[in-house]
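Novice: If you read the sequences in order, they're chains Z and Y. Quick note, in my numbering, the first sequence goes up one by one and the last residue is 126. Quick note, in my numbering, the second sequence goes up one by one and the last residue is 485.
If you're looking for bench data, these hints aren't it; they were derived computationally from the structure. None of the values given here were measured: they were computed from a predicted structure. Please note: incorrect hints may appear among the correct ones.
As the list claims (entries may be wrong) - Within a straight-line C-alpha distance of at most 20 Å, the following computed EDC-like cross-link-like pairs (lysine to aspartate or glutamate) qualify:
no., chain 1, residue 1, chain 2, residue 2
1, Z, LYS115, Z, ASP41
2, Z, LYS115, Z, GLU72
3, Z, LYS115, Z, GLU43
4, Z, LYS115, Z, ASP103
5, Y, LYS475, Z, GLU91
6, Y, LYS475, Y, ASP246
7, Y, LYS475, Z, ASP69
8, Y, LYS475, Z, GLU122
9, Z, LYS115, Z, ASP51
As the list claims (entries may be wrong) - Quick look at which bits of chain Y chain Z covers, simulated, 3 or more residues with Cβ under 8 Å:
no., segment
10, 193–206
11, 277–286
12, 326–340
For glycine and all other residues, C-beta sits at the position ideal for the given N, C-alpha and C.
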Amino acid sequence: MPGVDHCLQEAMTIPGAVGASIVDYTTGFPVATTGAAPNADHEAAAAGTADVVQAANSRSLFVSAIPHDLLEDLIITTAGGYHLLRIVQTEFDSRLVLYVWLDRVNGNLAVARRKMQRLTDELIAT
Amino acid sequence: MVPTKTAPPRELLTQVAGERQTGALVVGGHPGGAVYIFEGRVIYAESPAAPGVGELLTSSGRLAGRTWQNALDLGTSTARVGRLLVEQGHLTQGELELCVLGSTYDAAYFVLAAEHATVDFLPAATHWLGPVVHIDAAAVLREVRRRVRLLDEIHPNPLIDTAPVIPVTRAPRERVTLTAPQWELLVHADGQRTPADLAQLLGRSGYATIQELRRLAAQGLIELPGVRVPEGPDFVRLAQHRGTSVPVTRPSLKGESPSVPVIKGQTESPRPDAFADPPPGLPPPGLPPPDLPSPGLPPSGLPPPGEHNAGPGNRPRLARRKPGAKLPKEIAAAENPPVHQGTDEVLLKRIRTALRALR
Numbered sequence: 001m002p003g004v005d006h007c008l009q010e011a012m013t014i015p016g017a018v019g020a021s022i023v024d025y026t027t028g029f030p031v032a033t034t035g036a037a038p039n040a041d042h043e044a045a046a047a048g049t050a051d052v053v054q055a056a057n058s059r060s061l062f063v064s065a066i067p068h069d070l071l072e073d074l075i076i077t078t079a080g081g082y083h084l085l086r087i088v089q090t091e092f093d094s095r096l097v098l099y100v101w102l103d104r105v106n107g108n109l110a111v112a113r114r115k116m117q118r119l120t121d122e123l124i125a126t
Numbered sequence: 127m128v129p130t131k132t133a134p135p136r137e138l139l140t141q142v143a144g145e146r147q148t149g150a151l152v153v154g155g156h157p158g159g160a161v162y163i164f165e166g167r168v169i170y171a172e173s174p175a176a177p178g179v180g181e182l183l184t185s186s187g188r189l190a191g192r193t194w195q196n197a198l199d200l201g202t203s204t205a206r207v208g209r210l211l212v213e214q215g216h217l218t219q220g221e222l223e224l225c226v227l228g229s230t231y232d233a234a235y236f237v238l239a240a241e242h243a244t245v246d247f248l249p250a251a252t253h254w255l256g257p258v259v260h261i262d263a264a265a266v267l268r269e270v271r272r273r274v275r276l277l278d279e280i281h282p283n284p285l286i287d288t289a290p291v292i293p294v295t296r297a298p299r300e301r302v303t304l305t306a307p308q309w310e311l312l313v314h315a316d317g318q319r320t321p322a323d324l325a326q327l328l329g330r331s332g333y334a335t336i337q338e339l340r341r342l343a344a345q346g347l348i349e350l351p352g353v354r355v356p357e358g359p360d361f362v363r364l365a366q367h368r369g370t371s372v373p374v375t376r377p378s379l380k381g382e383s384p385s386v387p388v389i390k391g392q393t394e395s396p397r398p399d400a401f402a403d404p405p406p407g408l409p410p411p412g413l414p415p416p417d418l419p420s421p422g423l424p425p426s427g428l429p430p431p432g433e434h435n436a437g438p439g440n441r442p443r444l445a446r447r448k449p450g451a452k453l454p455k456e457i458a459a460a461e462n463p464p465v466h467q468g469t470d471e472v473l474l475k476r477i478r479t480a481l482r483a484l485r
């Protein structure tokens, strides 16, 4: 049975992965982390991640009026890397997001996105 | 056992974690709670203000109440409830870990945010859930401090965290935007429920609930508990003032008037004043007639408060059935209870787990 640590280990096998974490986006707290983080600070990265998700989730045009058209991924690209955020949909109340930081040279956005989708599905398989 | 003492709970946690002890750190006060430590690492925390793993999983519908109860019955004595749920295929390991992590940090905030409280350390005590996660005590403490700060940045009024939630009668603006959790809170706030009650009712984490409430307070959509207290005496004085000008029918009105101070939490002090100037039809206040109930009590025909309806939790008692007695015929015939519903669910889940393993 894959647990949280296993999920993060798997995330690090994504080509180009530099770091990964699971972040509680109500509080901006990194529930679990592995590998590197931007500026070597997982907690600051988590706080920033939470702000981004909150902004996309509550204060923007992306919030859909259609029921259950929920936010799935957020992808931020920089000149040096890809930052992928995928919401972990649990049935119980928890607001979690899987964050993976990819190196731009080795990373492949489509592959990484597919893999992250599978990882979050396995983590919460119902 | 360390004797009960008043101390900063955070310092004691640092101390027992540093000594790599195993046991439960029980913190008194309001809301209070307990932090469970296994060889110096935090494995679980619980507090009345934060829904526990069981409440989160059952109130969201993730687990049937019966499934949860079965796991409790089987695993409590051996402290393996968490592991049982995963082994029986009700939860994935990932879900269990995330749920335990979430509720542990949630409860830790309520247990450890207090600066001073009565603290007990019970060595060797373990939690029935069993060790699912192992968290560094320093990380828990850092996060608790950060959460306190986050709340103060939103709206620095800690009274909101414990006082009953009262939505304002009129919104302060023409157009109000709410998030889904905020809407849920406002819909279910009935003026009596505290944030802890709302969190339990909605199956939301306690911290997320008070976070949203502080945001609502900052937007002016719920009443601020600090502001309501000074209003209390005004209400009471008003009632007393009216009393002097209203004629003999007053006693019945007086029977009702305590309902105003009860809301304000000042049940005792205003009442002697209310009797200071009795209407002419009443005997002097020094000699209460035997048939006139004292103002705190309901009319003499009813039992005193505390007998039945003292609080929201105490419902009037119903007649007890004898153990093993059968249901009355009309009820037994009316509903045909589904047989072995939980067992079917257990079976189906195991079959599903087995099929998945074959894939």
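Novice: With reference to the structure, classify each hint as holding or not holding.
Specialist: To see whether the hints hold, each was checked on the structure:
1. A threshold of 20 Å between alpha carbons decides the hint, and for Z/LYS115 with Z/ASP41 the separation of about 25 Å lies outside it, so the pair is violated.
2. Between Z/LYS115 and Z/GLU72 the alpha-carbon distance is near 14 Å, which keeps this suggested pair within the 20 Å criterion.
3. Our distance criterion of 20 Å between C-alpha atoms is broken by Z/LYS115 and Z/GLU43, whose separation comes to about 24 Å.
4. Restraint check: the Cα-Cα separation between Z/LYS115 and Z/ASP103 comes to about 16 Å, which is no more than 20 Å; the hinted pair holds.
5. Using a Cα cut-off of 20 Å, the hinted pair Y/LYS475 and Z/GLU91 holds, with the two alpha carbons roughly 17 Å apart.
6. For the hint pairing Y/LYS475 with Y/ASP246, the CA-to-CA distance comes to about 41 Å; that exceeds 20 Å, so the pair is violated.
7. Between Y/LYS475 and Z/ASP69 the alpha-carbon distance is near 28 Å, which puts this suggested pair outside the 20 Å criterion.
8. Restraint check for Y/LYS475 and Z/GLU122: the C-alpha separation of about 16 Å stays at or below 20 Å, so the hint holds.
9. Distance restraint check for Z/LYS115 and Z/ASP51: the Cα-Cα separation of roughly 24 Å exceeds the 20 Å cut-off, and the hinted pair is therefore not satisfied.
10. Coverage of a stretch by a chain is defined here by at least three residues with a beta carbon nearer than 8 Å to that chain's beta carbons; for the segment 193–206 of chain Y and chain Z the count is 0, and the condition is violated.
11. Coverage of a stretch by a chain is defined here by at least three residues with a beta carbon nearer than 8 Å to that chain's beta carbons; for the segment 277–286 of chain Y and chain Z the count is 0, and the condition is violated.
12. Requiring three or more residues with a Cβ within less than 8 Å of a Cβ of chain Z, the coverage given for the segment 326–340 of chain Y holds, as 7 such residues are present.
Checked against the numbered hints given earlier, this structure breaks hints 1, 3, 6, 7, 9, 10, 11; the rest are met.
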